[in-house]
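Peer 1: Kindly produce the complete structure, drawing on both the sequences and the hints.
Read in order, the letters of the sequence shown are residues -25 to -1, 1 to 307 in mature numbering (1 follows the signal peptide of the UniProt record, and there is no 0).
Honestly, the hints are just simulated from the structure, not real lab data.
Among these hints, one or two may not hold up.
Claimed, not checked - As a list, the in silico DMTMM-like pairs of lysine to aspartate or glutamate whose alpha-carbon atoms are at most 25 Å apart:
1) K116 <-> D78
2) K4 <-> D53
3) K256 <-> E218
4) K4 <-> D18
5) K79 <-> D148
6) K229 <-> E252
7) K256 <-> E284
8) K4 <-> D22
9) K79 <-> D144
10) K256 <-> E280
11) K4 <-> D28
12) K79 <-> D214
13) K256 <-> D192
14) K116 <-> D80
15) K116 <-> D104
16) K79 <-> D126
17) K4 <-> D58
18) K4 <-> D61
19) K79 <-> D113
20) K229 <-> D200
21) K229 <-> E218
22) K256 <-> D231
23) K79 <-> D122
24) K79 <-> D104
25) K116 <-> D101
26) K229 <-> E280
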Amino acid sequence: MSIRGGIAALIVAGSMVCSMPLAEAATLKTASVITASTVRLSDLFSDLEPGQDRVLGPAPAPGASIQVGGAQLLAIADQYGVDWIDQSASAQVTITRAGRVLDKDYFVNLVRQNLPDAGGGPVSVDLIDFHPIAVSPDDPKPVTLSDLNWDPRSGRFTATIYRTQTTGDSTQDSYLLAGTIHAARRVLVFSHALQSGSVVSMADVTMDDAYTGRAQDRTYTDEADIDGMTLTHSVMAGDAVQERDLHRTVVVHKGDPVLIVFTAPGLHLTASGRAIEDGGKGQYVRVLNLASNMIVTGRPNNASEVVVEAGSSGMPSDAATLRRLTTSSRGG
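Peer 2: The structure is reproduced here in structure tokens:
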């Protein structure tokens, strides 16, 4: 072969090499959001060669992230033959597993769905020391509730929550759910806010036929029972009327002179009397009729007048009876 022919052959060969496609180098991903339970090579690098993708290990928990540093990236690329552009020991990839948050409303509804029969009415559920959790976004049943234990009298309950897809961490795969459950009941509630010391009337309360709020003491269902009583502390609209909120407003004090009033159709009588015990407005109180020396029972209309109802009968005011009534009034 002549020199000229050799050069020509080299030129042709060179042109053939230049015309062959070069494999593209992979590109590092600085951040990846994944939905799978495993991390793959393609979560770290894009533009991998066909068939080069591999599973590298378990993914973080739903909603959590992990960081892969430069030294580890270099080792992975070397192990799996990844030609990585701009290789650097200072590089880093953040891998985040997608998740949805199960919040308080989710678990409140879950408790309601698993609650034994509460009489068919609504219930209120309050969770104590609650912390939301993240689960896979495509999991239709991410958790199950078991061992629900509810004391209807106190309202307290506990239950155990189990993850459907376990993470391998026992502190995350199951935990205790606790709180209070209150079934609906018929109670009086305050119709508007009132300050401490206010005298309550029937116009200040209304009936709630399906109250599901908290009540730490005996509640009322009759407006007449609270009429004229005094608030021991401030209340808000919608609060249940509880025995602890009220005390009887003393209108007539023991020993006070009063006017005894008896009214019936076509009849109106009055007599001078003396209160044997303290009494609030609307509360029955015993008074002594000074003219007849009989003890009668009536309701204070104001600080100086006690109304005796039709049909009420009196009792003799002998020393023993007065002593007994005085003693019982002191004890009460």
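Peer 1: With reference to the structure, classify each hint as holding or not holding.
Peer 2: Against the structure, the hints come out as follows:
no., hint, verdict
1, K116 <-> D78, "holds, 14 Å"
2, K4 <-> D53, "holds, 17 Å"
3, K256 <-> E218, "holds, 17 Å"
4, K4 <-> D18, "holds, 7 Å"
5, K79 <-> D148, "holds, 18 Å"
6, K229 <-> E252, "holds, 4 Å"
7, K256 <-> E284, "holds, 14 Å"
8, K4 <-> D22, "holds, 10 Å"
9, K79 <-> D144, "holds, 22 Å"
10, K256 <-> E280, "holds, 10 Å"
11, K4 <-> D28, "holds, 14 Å"
12, K79 <-> D214, "holds, 23 Å"
13, K256 <-> D192, "holds, 23 Å"
14, K116 <-> D80, "holds, 15 Å"
15, K116 <-> D104, "holds, 23 Å"
16, K79 <-> D126, "holds, 21 Å"
17, K4 <-> D58, "holds, 14 Å"
18, K4 <-> D61, "holds, 12 Å"
19, K79 <-> D113, "holds, 19 Å"
20, K229 <-> D200, "holds, 22 Å"
21, K229 <-> E218, "holds, 24 Å"
22, K256 <-> D231, "holds, 15 Å"
23, K79 <-> D122, "holds, 19 Å"
24, K79 <-> D104, "holds, 11 Å"
25, K116 <-> D101, "holds, 22 Å"
26, K229 <-> E280, "holds, 13 Å"
In summary, this structure violates none of the numbered hints.
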